[in-house]
Amino acid sequence: MTTAQTVLAAGGAVSTGEAVTFWILAPLALLGAIGMVWARNAVHSALWLVLTMLCLGVFYVLQAGPFIGMVQIIVYTGAIMMLFLFVLMLVGRDSSDSLIETLRGQRVAAVALGLGFAALIGTGLFRALEGTSAVGLDAANANGNVQGIAKLLFTKYVFAFEVTSALLITAAVGAMVLAHVERRKGERLSQVEQMKARFAPGNYPGPKPGPGVFATSSSVATPGRLPDGTLTDGVHSQILPTRELTSSEAAPKGTEK
Amino acid sequence: MTEIGLPPINYGAITPMLILFGASCVGVFVEAFVPKAQRHLVQLVLSLGAITAALVTVVWQADTRTVTAGGAIAIDGPTLFLQGAILVLGVVSILLIGERSLERGGPFVAQAAIVVGSDADRNQTVRQPGATDIYPLSLFALTGMLLFVAANDLLTMFIGLEVLSLPLYLMCALARRRRLLSQEAALKYFMLGAYASAFFLFGLALVYGFTAGTPSGSGDNGGGVDFATIAAAVRNSEVSPALLYAGIALIAVGLLFKAAAAPFHVWTPDVYQGAPTPVTGFMAACTKVAAFGALLRVLHVAFGGASWAYTPVLGAVAALTMLVGAVLAVTQTDIKRLLAYSSVANAGYLLVGALAVNKQGLASTMFYLVAYGFTVLAGFAVVTLVRDADGEATHLSRWAGLGRRSPLFAGVFTFILLAFAGIPVTSGFTSKFAVFGAASGAGHTWLVVVGVLSSMILAFPYLRVVVMMWLSEPGESTPSVLVPGGLTAAALTIGVAATLVLGVAPESLLDLTNRAAEFVP
Amino acid sequence: MTFLAQSPTLQDFGHDVWWLVLLKVVGVFAMLLLLTLFTINYERKVVARMAQRPGPNQVGPNGWLQSLTDGLKLPFKEEIIPLTADKVVYFLAPVISAVCAFTAFSVIPFGPMVSIFGERTPLQLTDTSVAVLLVLACGGMAIYGIVLAGWASGSTYPLLGGLRSSAQMISYEVAMGLSFVAVFMTAGTMSTSEIVRAQANGNPVNLLGLEFTAPGWYAVLLLPSFIIYAISAVGETNRAPFDLPEAESELVGGFHTEYSSFKFAMFFLAEYINMITVSAVCTTLFLGGWRAPWPISAINDGMFNQGWWPMLWFFAKVLVLLFGFIWLRATLPRLRYDQFMRFGWKVLIPVNLVWILALAGIKTLQNKATDDGTRYTIIGALILAVLLITLLWPSRTPAPAPNLEEQLARRPKGSYPVPPLDLQVPPSPRTRRDVAERQPAMAGGGAATDETGPANSDEKEV
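Chains as they are written, first to last, in our numbering: chain A, 885 to 1141; chain B, 173 to 693; chain C, 628 to 1089.
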């Protein structure tokens, strides 16, 4: 947004470029909003919403609010929707909306009431604002848009601005309360502790020999032997009885000629 | 670049908020640095101390009448009275929250993040002491409430609304028993609350559009959302009033949601039932005061000039609220849900008072808020006492025969229910009398008729509980009433005493509300 | 031609005729494409030299056309789309990546006012009062390209890569945005051309009664911000050592595992353009932009800061920064994911916040009409506080670490046996035989060493 455009917008006049941009983006924004409700897939819904938010960001820039426009894109589209997407992607691509109505007629009623509300607000705003000319934009942007916002934030709304810190602290505490599980000592082993436990006396750190290895037979029922000749346990299936082969079983069967 | 100077801030006038905010931040640090065993005591003392200190400063400021911090904060009679009320009720709520003798570890879960039903969860339910995060959270909520009733522009009011709501959403999710119900309550409250906040913001934007062209407090012609500018715009704006009406309607939706008025009350029973009982009491008492405080300021100061426009609609909402609350209370089988619907009905009575846009209406509504707050806290204090092995026994059938088993507490609860029903000698009677008087004085006779009618309906469920408690035989499943610990006993005593005193000798408080009932312009 | 010496202000933008705008757009576009082709070769050659290899040296003079032929080849390769892919999003993702990468460059200033076919215009596509935020916004949107690519591929490794990258880029964008704050505070503007102008001259500073001129470059003046920006820029562009979204050993190719042909080329292009963009932003915000470095800028009354000369300094600075990227890649191993996130959130962001706070304090001390007495009292008190803290900080002398033998002796009885420290492994008979066969003259000697290490393969090879 250049100064020339700002001045134009401040004067209440709508330049051709502004009008063209608006008429291209406004249907897109609407499409995004409808698509967001319509889409079956949650990720697609989120993407439609991103489209609407981007269009809104451009509208803000058009209306001589470049700062809020950029913040809309960075914060809402870039960060918040991204976190939404993050969660949706973890949920899985196949999880679509359940189409079962828990309240009978809820969907129809919601659509009717929603449309009614939109129509009410829309026509009301249209009738109220028809022929109204914009005022005060030149004064608000007199020292630059960013500076104007800064002035409001640090004079008139300084208290509200400072109090938002309480909101942020609450949010942080809330995240800790609802998501952080405190582990007591010893509940989860660190990598170093795991290694120490693995090599502690009485524990066999390597893979144990499989059944039949080092034995005279390759039967899965024969326990494996450790390098020093002792039998191992826990390497063959629990349902099989552990046994040593009898000498007749171990003896050559005369088939290996 | 022009120099920007900080507007003059009367720090004395905002000390109560600063004290609570500071104390809640200290509370967060206590969570981080104090050993677990001592946290509960430290937090309890810190919270009670901070609220008491804030109360002292409110009393000390009693004669301040000023608008400060760049026009964002108005300290006047109603602000100070309501802040005082919130703080007194807050002390009582903290007493309930801090009780740990009824159940091992108190009414709050140790770690809300542990999956419900897992081994770790069963272990923490019976063994571990509850999370003490609840104290800083309630202090944050109280900070928001103090700001909410003092806000002098819609933006600050919105921030106040969020600051008071966010901790409440969290506190709802921290019940020790029936955690899924508690989490569901928190989620419902959060979703609907966020929705209501959006309505408030939308309304704010429309009202801002309406004020365009009206010189605002800072001198330019850009309009503004501070109440003085809005009031001036309501008187003599040339912009179409459709914006104003839509704006009032949407802002009212946001505020009435917090006040639990029909048809924005649907969250109330679920949240009241699911939340830990002390938190329910906190919401029923303090949040109601804050919500109506803000509603009063908006209706009287900002939109007072358009009262003829909103009175019919809000009157209908009030009538609907009273009837819905009363009729649905009849069908309830759970004591907490019953009290929730009773709270909805009481929001209707309060709205009747708030709609009388004059001094009498203001004074009577403020009186009602205080009287109701004490009674409802006492009511929920009794609910925390009736327990069996699985925690609180809230189903009404379980309460049958309680009078035989524990006559003292059944008697106390009977007294509280009678106060809810508005029987003379209780504060319920005086306060209802005051608001109905103010309403008929302002010419809203039909609202008074609906109010009296709904009170009669509402008396039925209360009396049913009374009858059940006294006239049934205690059965096998009748829970025991525990002997309350010191904190609950104190809260219960304060609540019952206030209910009685305000019923018998309400003059001093009525006098105080009458003196306080004047907004600064 | 006096206007040529003038650096543009915000008022100079938005007046260009349509063909000039078109010319600039096409110019920036072509420049980015060329620079990408160049950078790929540049990277491969530099990495090769660092690994004692020649690098690409066959196609074109000295191999400089290698990336061009690769680029031409890539779109003609067969395109494979997984059956499980979400077709629309799969197609959209690389487009988003590339578009965001190109858009961000529109606010980068290349030079001062110049004359193009008689039109007086700044050497910059456009500028706004929030230009740097536009760069950040493009960075934020670019994440969508990667995340959606990962999701739409319908396969596990890309999904994991996409999730990693979204977490990574959001985290590092916070640090990056915070490092801009110090620049905004010092320059008093968010417009790129004005930030460049603000770095033109040194700032006179009065410290302890001494007058001296602080250097104009914010890289010197705001060193912590510069360092944090440099680190987070590497994280933001997913480059080594922060290239976790495409960690080959863990995720095959990360988010673009399932991409091929032209769509892959778009990702490839976007990655290199992003690298160029962050270098250009760094140049603009911290290294004085298109202005010549100090000794040169003083020559002949600033002759080298006029006309088209500044393009030279700009690209020189960008290339130096690109060299830094390549150097990092050739030198550093990849970080573990949790270390990486911890570094971003627990080091970069807190340090940044403290630094901004300190800077605000310094600015308040400078701005306010405080008399020197209070100023020095405050500074002195701060120094005293720091000294006291360092003095009183509890010092712990760590117990001397036991050496290997002591550690071995300390192991409990029955521990897993370990080989003795002085173990001599006899050479395997097979090796001896092999060596003997190959080099009969040195039979029996262990002296012959084998030099056939595997050639350092280039990971980015297309």
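Be aware that a few hints might be false.
What the hints assert, rightly or not - Below, simulated SDA-like cross-link-like pairs (lysine to any residue); rule was C-alpha separation at most 25 Å, straight line:
no., chain 1, residue 1, chain 2, residue 2
1, C, K714, A, A926
2, B, K360, A, N925
3, B, K360, A, T900
4, A, K1035, B, K360
5, C, K714, C, A675
6, C, K973, A, T900
7, C, K1040, A, Y1088
8, B, K360, A, Y1088
9, B, K531, B, P646
10, C, K990, B, S644
11, B, K360, A, L967
12, B, K360, A, A994
13, A, K1092, A, I1123
14, C, K651, A, T905
15, C, K714, A, R1082
16, A, K1080, C, L946
17, A, K1035, B, T617
18, C, K651, A, A1081
19, C, K672, C, K990
20, A, K1092, B, K360
21, C, K714, A, T905
22, C, K704, C, W691
23, C, K1040, A, A1081
24, B, K360, A, V921
25, C, K1040, A, F968
26, B, K360, A, F970
27, A, K1035, C, K714
The set of hints was computed from the structure by calculation and includes no laboratory data.
Now the hints, each set against the structure:
no., hint, in the structure
1, C/K714 - A/A926, "holds, 16 Å"
2, B/K360 - A/N925, "holds, 23 Å"
3, B/K360 - A/T900, "violated, 47 Å"
4, A/K1035 - B/K360, "violated, 38 Å"
5, C/K714 - C/A675, "violated, 38 Å"
6, C/K973 - A/T900, "violated, 49 Å"
7, C/K1040 - A/Y1088, "holds, 14 Å"
8, B/K360 - A/Y1088, "violated, 53 Å"
9, B/K531 - B/P646, "violated, 50 Å"
10, C/K990 - B/S644, "violated, 77 Å"
11, B/K360 - A/L967, "holds, 21 Å"
12, B/K360 - A/A994, "holds, 18 Å"
13, A/K1092 - A/I1123, "holds, 19 Å"
14, C/K651 - A/T905, "holds, 21 Å"
15, C/K714 - A/R1082, "violated, 48 Å"
16, A/K1080 - C/L946, "violated, 49 Å"
17, A/K1035 - B/T617, "violated, 49 Å"
18, C/K651 - A/A1081, "violated, 66 Å"
19, C/K672 - C/K990, "violated, 45 Å"
20, A/K1092 - B/K360, "violated, 54 Å"
21, C/K714 - A/T905, "violated, 29 Å"
22, C/K704 - C/W691, "holds, 22 Å"
23, C/K1040 - A/A1081, "holds, 14 Å"
24, B/K360 - A/V921, "holds, 20 Å"
25, C/K1040 - A/F968, "violated, 55 Å"
26, B/K360 - A/F970, "holds, 23 Å"
27, A/K1035 - C/K714, "violated, 48 Å"
Checked against the numbered hints above, the structure violates hints 3, 4, 5, 6, 8, 9, 10, 15, 16, 17, 18, 19, 20, 21, 25, 27; every other hint is satisfied.
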